[in-house]
Amino acid sequence: MAGSIRARAKLKDGITQVKALIKHPMETGARLNKETQEKIPAHFIQELSCTHNDKVVMSANWSGGISQDPFCSFKFKGGKKDDIIVIQWKDNLGNTDKKETKIK
Amino acid sequence: MSLSRRAFLTNSVLAALAATMLPKLSFAQWEDALKNKTQDDILTQLFNTKDVVVSDKITITAPEIAENGRVVPIEVQSELAGIKSITLIAEKNPTPLIAQFNFADNFAGHVASRIKMGATGYVVAVVQVGDQLHIAKQTVQITEGGCGG
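In order, the protein sequences belong to chains A and B. At position 61 of the first sequence the residue is numbered 61 (our numbering), and the sequence of numbers has no breaks. At position 49 of the second sequence the residue is numbered 49 (our numbering), and the sequence of numbers has no breaks.
Derived from the structure by calculation, the hints contain no laboratory data. From the three backbone atoms N, C-alpha and C, an ideal C-beta is built for every residue, glycine too. Be aware that one or more of the hints could be misleading.
Claimed, not checked - Simulated restraints, written as ranges between beta carbons of each label pair:
id	chain 1	residue 1	chain 2	residue 2	range
1	A	T36	B	G130	48 to 54 Å
2	A	G29	B	K57	31 to 37 Å
3	B	D131	A	L93	33 to 39 Å
4	A	L32	B	T61	28 to 34 Å
5	B	V53	A	T36	46 to 52 Å
6	B	T61	A	G29	27 to 33 Å
7	B	A81	A	G3	36 to 42 Å
8	A	E35	B	G82	33 to 39 Å
9	B	I65	A	L21	22 to 28 Å
Next comes chain A alone, as it looks inside the complex (with noise of 0.2 Å):
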């Protein structure tokens, strides 16, 4: 699942706040297909990481709960320009994902 992370890293204050934007159905497991009536199988992303310079600044266990195409941000004290981010995803089937900014 190649190309499913969008990321941006900006630095304000002395605090960096990471975006990403991840394209993934994040189904549930529960949701019925209406024509069908069968469960739509369970794939979300469940483990989610990030790293500045190597160093793993946020770990993250996600449901099902998390809407499909998942945003998430945060921020962390510290950071330089051109430092790097590097966000990764695991998902429940064993797919994963990668991808590399660096801070502005």
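Once you have looked at the hints, place chain B on chain A.
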């Protein structure tokens, strides 16, 4: 090299290594945690305690009324120092446990995402500082539920 100096260096390396990793549940542990239906059960499984302290140092920004329950923007901000993790729970969802965010020491107290809510109810933010769980909740009214077909 004296024993104490060696021990000191070993501990420093281990500490440095530990600092690069954040505590996180394995897939299996997380999948197990998702089965819990109440806040008490969820917290007991994740943190070995259900004791919480209501905190006025946590702000949840969420719409009062959400037209579309499939996409409810939630922002959690907190000025508490030493936050290790923030856990989101939507009490009326079929799977109330939504997410757990773990942070390094330099976390600046702000995280946001978009969640699904099945029905009008509370969104709860559980902020872990040391061994203490601080919580805040906010009601979001849902016009059209976002969890089912």
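Okay, the hints, checked on the actual structure:
Taken as a hint, the range 48 to 54 Å holds for the pair T36 of chain A and G130 of chain B, whose Cβ atoms sit roughly 50 Å apart. The supplied range of 31 to 37 Å is met by G29 of chain A and K57 of chain B, whose beta-carbon atoms lie about 36 Å from each other. Distance hint check for D131 of chain B and L93 of chain A: the Cβ-Cβ separation is about 35 Å, which falls inside the suggested range of 33 to 39 Å. As the Cβ distance of L32 of chain A to T61 of chain B is approximately 32 Å, the hint placing it in 28 to 34 Å holds.
One distance hint, 46 to 52 Å for the beta-carbon pair V53 of chain B and T36 of chain A, holds here, with the actual separation near 48 Å. Our hint of 27 to 33 Å for T61 of chain B and G29 of chain A holds, since their Cβ atoms are close to 29 Å apart. Distance hint for A81 of chain B and G3 of chain A: a CB-CB separation of about 38 Å, consistent with the stated range 36 to 42 Å. Hint check: E35 of chain A to G82 of chain B, Cβ distance near 51 Å, so the stated range 33 to 39 Å is violated.
Against the hinted window of 22 to 28 Å, the Cβ-Cβ separation of I65 of chain B and L21 of chain A comes to about 24 Å, which satisfies the hint.
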